[in-house]
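*Asks:* Sequence:
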Amino acid sequence: MRANKTLKYILAATAVGVSSGAFAQELNCTVEVNAQKIEGGSKSVFQTLQEAISEYMNETRFSNATFSNNEKIDCRLYLTVSEYTDDRITGDLQIQLSRPVYNSTYTTTLFNFKDNRISFEYREGEPLIFNATTIDNNLTAILNYYAYLFLALDFDSFSPMGGEPYYEKAASVVQAAQSLGEIGWKAFEDPKNRSGVLTSFTAPSTSSYRQMLYDYHRKGLDEMVTSPDKGRASITSSLSALENIYKADAMSAALSIFRDSKLDELVNVYSKAPQSERELVYKLLQPIYPSENERLTKIKKGDENN
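Each residue of the sequence shown is one higher than the one before, counting from 1 in our numbering.
What the hints contain is simulated information worked out from the structure, not anything from laboratory work. One or more of the hints may lead you astray.
Label-pair restraints from in silico Cβ distances [unchecked claim]:
hint: 1; residue 1: Ser-276; residue 2: Pro-204; range: 30 to 36 Å
hint: 2; residue 1: Thr-134; residue 2: Asn-69; range: 28 to 34 Å
hint: 3; residue 1: Thr-90; residue 2: Asp-260; range: 41 to 47 Å
hint: 4; residue 1: Ser-119; residue 2: Ser-54; range: 43 to 49 Å
hint: 5; residue 1: Asp-229; residue 2: Glu-51; range: 46 to 52 Å
hint: 6; residue 1: Lys-37; residue 2: Thr-226; range: 45 to 51 Å
hint: 7; residue 1: Phe-188; residue 2: Arg-61; range: 32 to 38 Å
hint: 8; residue 1: Ala-176; residue 2: Lys-72; range: 22 to 28 Å
Capping the alpha-carbon separation at 27 Å, the derived lysine-lysine pairs in DSS-like fashion look like this [as the list claims (entries may be wrong)]:
hint: 9; residue 1: Lys-301; residue 2: Lys-283
hint: 10; residue 1: Lys-247; residue 2: Lys-192
hint: 11; residue 1: Lys-114; residue 2: Lys-43
hint: 12; residue 1: Lys-283; residue 2: Lys-219
hint: 13; residue 1: Lys-186; residue 2: Lys-298
hint: 14; residue 1: Lys-247; residue 2: Lys-114
hint: 15; residue 1: Lys-219; residue 2: Lys-262
hint: 16; residue 1: Lys-114; residue 2: Lys-230
hint: 17; residue 1: Lys-186; residue 2: Lys-219
Quick reminder that beta carbons are idealized off the backbone N, C-alpha and C, glycines included.
Please model the complete structure; the sequences and the hints are all you need to start from.
*Replies:* What follows is the structure, given as structure tokens:
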């Protein structure tokens, strides 16, 4: 169960120039390609693509961090193909990242996001080759971006602002991908494209989300197993970051990512909380998520729902 991981992350972040042979691959990534919308023709290209993406994500080493097999970061990529013409694949990608909670069998979702701007060229049997310095393929650019984002978010959840090196790597991918002329990379194109998602975590006005990741997970969920009231209090305190983000940028992708990752979980977190605490959380979240009244009401009512 990722013993001493916080210390390990701190040490890994400074492990520059150490022989790469000492490091193991970081991700445990489940990949699925759904091409049911594509009619006629051979579907073997999509099976080959699924295998190629899975191999790329699970065998490429994206950092110098040390991971044992049971410490690998659990993530999932679900690609739905909507168009396939002349080796160009277009669709959307559902991305999920999870993290274990200390001293429990529970896993919590760190990141749940659908990227609707997926389009790339792929020829059946074409190998996907990792290049840390050059971006010349949109598919590997997308995969690199999300791999670095997975590392950044996971590290942030175990150590305050611990994911900084990986946000920087993701930013380098975004910058380099501008030259590809593909959708999803341009700043200000859409607040929820890949550039917008990264900005929501790194811009000074909304980067408090990163500290919230640590307070919510390491000081909150990890503590709830042995001290429910103490852990829940940390979660409650951490949620004030959402209010600040909303005031700074009501369209920030971080807000929708939190909604899709955490609202269902919060129903359970506050199921046995004192009424005053439940009402406090409801009042904080309701202006931010006015269309989520059903789930927010469950948070407010706690075990009264049962």
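*Asks:* Decide, hint by hint, whether the structure agrees.
*Replies:* Status of each hint after checking the structure:
A hinted range of 30 to 36 Å holds for the C-beta pair Ser-276 and Pro-204, which are about 33 Å apart. Range check, Thr-134 to Asn-69: Cβ separation about 30 Å, and the 28 to 34 Å hint holds. Between Thr-90 and Asp-260 the C-beta distance comes to about 23 Å, which lies outside the given range of 41 to 47 Å. A C-beta distance of roughly 20 Å is found between Ser-119 and Ser-54, which places it outside the suggested range of 43 to 49 Å.
At roughly 48 Å, the beta carbons of Asp-229 and Glu-51 sit within the given window of 46 to 52 Å. A C-beta distance of roughly 48 Å is found between Lys-37 and Thr-226, which places it inside the suggested range of 45 to 51 Å. The hinted window of 32 to 38 Å between Phe-188 and Arg-61 holds, with their beta carbons roughly 33 Å apart. Between Ala-176 and Lys-72 the beta carbons are some 26 Å apart, a value that agrees with the proposed interval 22 to 28 Å.
Of the pairs offered as hints, the one joining Lys-301 and Lys-283 holds, with about 13 Å between alpha carbons and a cut-off of 27 Å not exceeded. The hinted pair formed by Lys-247 and Lys-192 meets the criterion: a straight-line CA distance of about 18 Å does not exceed 27 Å. For the proposed pair Lys-114 and Lys-43, the alpha carbon gap of about 24 Å is at most 27 Å, so the pair holds. A C-alpha spacing of about 22 Å is found between Lys-283 and Lys-219, which places the hinted pair at or below 27 Å, so the restraint holds.
For the hint pairing Lys-186 with Lys-298, the CA-to-CA distance comes to about 38 Å; that exceeds 27 Å, so the pair is violated. A distance of roughly 24 Å separates the Cα atoms of Lys-247 and Lys-114; the hinted pair therefore holds under the 27 Å criterion. Proximity of Lys-219 to Lys-262 is assessed by CA-CA distance (about 16 Å); at most 27 Å being required, the pair is judged to hold. Distance hint between Lys-114 and Lys-230 is unfulfilled; the C-alpha atoms sit about 33 Å from each other, more than 27 Å.
With a C-alpha separation of about 35 Å, the suggested pair Lys-186 and Lys-219 falls outside the 27 Å cut-off, and the hint is violated.
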